[in-house]
Amino acid sequence: MNENSIQNYTENIEYSGEDLMNLNSLPEKEIFLNSASITDLCSNWKSRVNNLNLTSERITSSALRYFSSYGILENYCVSLSTAINSIILTINNINDSINNSKNSQIMVDESYSNNKVINNDYTTNSVNNSYRKANTTVNNNFYNASINSNQMGVNDFNLIDYIGISVVLSKFLSASNSTFFDIVNDDIKIENVKKELLNSINITDELKKSLLNMDISALKQILVKLYSSGNINLINSENIEFLNSYFTKIANINNIDYNSLISNAENQQLLYNNFNYFNNALNYIDSISSDNVFRFREKILNIYEGKNIYNLDSNSVSALKTMIDVVAENNNTSSEQILNGDSRNYLLPIINSKEFFYMFCNLDMENNQKILSNIFYREEIE
Amino acid sequence: MANIFKINCKELYKIGAFFNLQGNNLKNIVDNMKKTNEDIKALWNGIDSEMFYENYNEFLVSINEVELFMIEKGELLKEMAIKHGNIDKDLSSNLEWRSNNDK
Chain A
0 MNENSIQNYT
10 ENIEYSGEDL
20 MNLNSLPEKE
30 IFLNSASITD
40 LCSNWKSRVN
50 NLNLTSERIT
60 SSALRYFSSY
70 GILENYCVSL
80 STAINSIILT
90 INNINDSINN
100 SKNSQIMVDE
110 SYSNNKVINN
120 DYTTNSVNNS
130 YRKANTTVNN
140 NFYNASINSN
150 QMGVNDFNLI
160 DYIGISVVLS
170 KFLSASNSTF
180 FDIVNDDIKI
190 ENVKKELLNS
200 INITDELKKS
210 LLNMDISALK
220 QILVKLYSSG
230 NINLINSENI
240 EFLNSYFTKI
250 ANINNIDYNS
260 LISNAENQQL
270 LYNNFNYFNN
280 ALNYIDSISS
290 DNVFRFREKI
300 LNIYEGKNIY
310 NLDSNSVSAL
320 KTMIDVVAEN
330 NNTSSEQILN
340 GDSRNYLLPI
350 INSKEFFYMF
360 CNLDMENNQK
370 ILSNIFYREE
380 IE
Chain B
0 MANIFKINCK
10 ELYKIGAFFN
20 LQGNNLKNIV
30 DNMKKTNEDI
40 KALWNGIDSE
50 MFYENYNEFL
60 VSINEVELFM
70 IEKGELLKEM
80 AIKHGNIDKD
90 LSSNLEWRSN
100 NDK
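Those protein sequence lines, which keep their order, are chains A and B. With numbering that gives the first Met the number 0, the residue at position 37 of the first sequence is 36, and numbering never jumps. With numbering that gives the first Met the number 0, the residue at position 7 of the second sequence is 6, and numbering never jumps.
Hints are computed from structural coordinates only; laboratory data are not their basis. Only a predicted model underlies this, so the values are computations on that prediction, with no experimental measurement involved. Treat the hints with caution; some may be incorrect.
As the list claims (entries may be wrong) - Straight-line Cα separation of at most 30 Å, DSBU-like style, residue types lysine-lysine; simulated pairs:
| id | chain 1 | residue 1 | chain 2 | residue 2 |
| --- | --- | --- | --- | --- |
| 1 | A | K28 | B | K9 |
| 2 | A | K208 | A | K194 |
| 3 | B | K82 | A | K28 |
| 4 | A | K207 | A | K194 |
| 5 | A | K306 | A | K248 |
| 6 | B | K26 | B | K82 |
This is chain A alone, in the form it adopts within the complex:
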C-alpha cells in the first residue's frame, strides 16, 4: 500500500458506538465530489496548518527556552517537538494523499475525454444517469481497454521496467523539484520523460518498442495507473545520496573499490546480500517508526550495543549500524550523538523511500547490480 494512502490512517481506528452505527448503515458506494472543491479544501487546509507556524524551532526558541534555563528540558522539548511535527506531517500527508487521489482521477477523466471511447460499463453510483455519462470517471476495464488501444496494458511491464521508470521519474523530480503530478500534467515534461525512458539502459527493449509509437496522452495514463497502483515508486535525491554513501561504506568495509562493488561480476553476490541486509534493517526501522522518540531510541541503541537485536540476524544488525554511521557522516555529526539524541528524527527520512528499496528485493543478483550500477555510474559522471 502506498505510504500516504488514506487507508493507512483509518485502518486502526477504535470507533465510537455512534460511528459504528453510522458506518453500518452506510452503503458500499462511491460518491462524487467536484475536483475544484477538493483543490480549495486542500489549499485552505494547507495554508491554515502552515500559518500556525507550529515548528519545533518555534517551540524551543520561545516558550520552552525558559524551561531550558532551568535544566528541565531536553527530552521534554524533543518529545513535544516531535509530537507537534508528527501532527503537522500527518495532516499534510493526508492532504497530499487526497490531492494525489484527485489528480489521479483527473488524469483518468481526461483519458476518457481525449479518447472519446464509448463504453457502457460505467461505475454505478449515486448520481443520475445523465450526469454520470457527462462527468463520470471510468472503471478499470475501460481504463485498460484504452491502454490496450495503444497496444500496451499495465500487465505488459516487468519488474525491471517498473524500477527503470521509477529511476527516470525520480531523477526528473529531483532535478526539477516537482511532484509526480507536476510532471504528468505537463505535456513538455512528459515528452522529456519519454525521451529519457527511450534512452535509459534500465528499460527493456520490449518496453522501448512500445514507447516509440505511444502518444503522450497514453503514456500519462500508464504512468498515473502505475503510480496509483504502487507499481512504480519514487526516491528523493537525499535518499539516492544516502544509498550512494551507504554502498561506499560497504565497499570500504570490504576493502574493495566502490565502482568494483557496483559493477564487477565477481561482486554481484556481495552487493546483492548487502542490499538484502539493508532492506532488513530498513524494515526494522519501519516497524518501530510509530514508537515514541524514547522507545525508538532505546530499541536502536540496544541493537547498536548488541543487547537486544530482536529478530535481526547479525548481518542485518551490521547493516543497521552502517546506516547510522552513514547518516551521522551525512549530517556532520557522530553516531553517538544520533544514538543518544533524536535517532528517530534522523532515521525516519530513509523510510520515505522504502517502497523504492523494496522493489529491488525481487530482482536477481545480476539485474540488482546492473540497475544499481546504472544509477550510480550516471550520478558520478554528472
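For chain A, the structure is supplied; the task is to place chain B on it using the hints.
Positioned in the frame of chain A, the structure of chain B alone reads:
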C-alpha cells in the same frame, strides 16, 4: 469536461472519524498541558515565570486551532458521507413509493 473525484462513502466517513478522533486526542493532551502550565505558574514566581506562562499559553492556543480544525473537518467529512451516502437510498425509497402508487 468537469473533473470529479470519487470516493467510497464509508471510507470518507472513516477519514472523518480519524480526524475527529485525532482532534479529540489532541484536545485531551492540550488540556493536560494547560493544567501543567497553571501548576507551574503556581509554583514558580518571577519574570521568567510570567514570560514562560505567556509564551506557553500562546503556543497552546495555536495548537488549540489545530485541534478545533481537525474536529471541525472530521465532522464535516462524516456529515458529507452520511448525506451523500443516503441520497440513493432516499431516492430509491421514493421511487419505490411512486412505482407502488402508480400501480
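Structure-based check of each hint:
Using a Cα cut-off of 30 Å, the hinted pair K28 of chain A and K9 of chain B holds, with the two alpha carbons roughly 8 Å apart. Straight-line distance between C-alpha atoms of K208 of chain A and K194 of chain A comes to about 12 Å, which keeps the hinted pair within the 30 Å bound. With a CA separation close to 13 Å, the supplied pair K82 of chain B and K28 of chain A stays within the 30 Å bound. Restraint check: the Cα-Cα separation between K207 of chain A and K194 of chain A comes to about 10 Å, which is no more than 30 Å; the hinted pair holds.
For the hint linking K306 of chain A to K248 of chain A, the alpha-carbon distance of about 24 Å falls within 30 Å, and the restraint holds. The straight-line distance between the Cα atoms of K26 of chain B and K82 of chain B is roughly 27 Å, inside the 30 Å bound, and the hint therefore holds.
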